[in-house]
Amino acid sequence: DGGITQSPKYLFRKEGQNVTLSCEQNLNHDAMYWYRQDPGQGLRLIYYSQIVNDFQKGDIAEGYSVSREKKESFPLTVTSAQKNPTAFYLCASTQGLSSYNEQFFGPGTRLTVL
Amino acid sequence: AQKVTQAQTEISVVEKEDVTLDCVYETRDTTYYLFWYKQPPSGELVFLIRRNSFDEQNEISGRYSWNFQKSTSSFNFTITASQVVDSAVYFCALSEAQGAGSYQLTFGKGTKLSVIP
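In order, the protein sequences belong to chains R and S. In terms of my numbering, the first sequence has 43 at position 43, counting the first letter as 1, and numbering is strictly consecutive. In terms of my numbering, the second sequence has 20 at position 20, counting the first letter as 1, and numbering is strictly consecutive.
Calculated directly from the structure, the hints in this document are not laboratory data. Among the hints, a few may not be true.
[Claimed, not checked] Straight-line C-alpha distance at most 30 Å; calculated DSBU-like pairs for lysine-lysine:
1. Lys-38/S with Lys-57/R
2. Lys-109/S with Lys-9/R
3. Lys-57/R with Lys-16/S
4. Lys-38/S with Lys-109/S
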């Protein structure tokens, strides 16, 4: 089955630690996205990538980093510089580079900082 | 800059009632796309519908219908004869074709719908 996988589903981290969230897609999509969701805040864009080895900052990139070494993979690192990292993180992808295309979402990773 | 407003934070209805979720958007682009997504308790967003700015035709899909009005910058979503399975958070989103927001989705804050049996 084609789709987007995110792992782990739940993640706990101590303050001061970096943590990497995985996102893999087998849809052969060009563009991939990371969003953060907080209660009552909707989804906010962290980073996006339209092509391998290229990515752009979204609205709330501070404290996060990404890489896009392979078309199917777009991992997100939450660094210790992110002041309030506890949130639900969603990865998405879309076919081609058009605003017309709907985004497909993964099941999300819930990160909790202890 | 583009913006999407969903003024209704939470709505509760009794099963079989009709319910309308409001969405108002702002953009300077003349070409843009509007979307609705459903987020059930499992967390994964599910695409429901897309509308482009040149197509104001209303759409019906089963119990779902959408009313797009450029004159009021609104793209409202109605569920007819609601069911418990409709309980979810619903997001309206906007993507611009050419502006700074192209290739990106701007989401509203979502409306949580609870359908009571």
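Index of numbered hints that the structure contradicts, given in increasing order: Going through the list in order, the structure violates hint 3 alone and respects the others.
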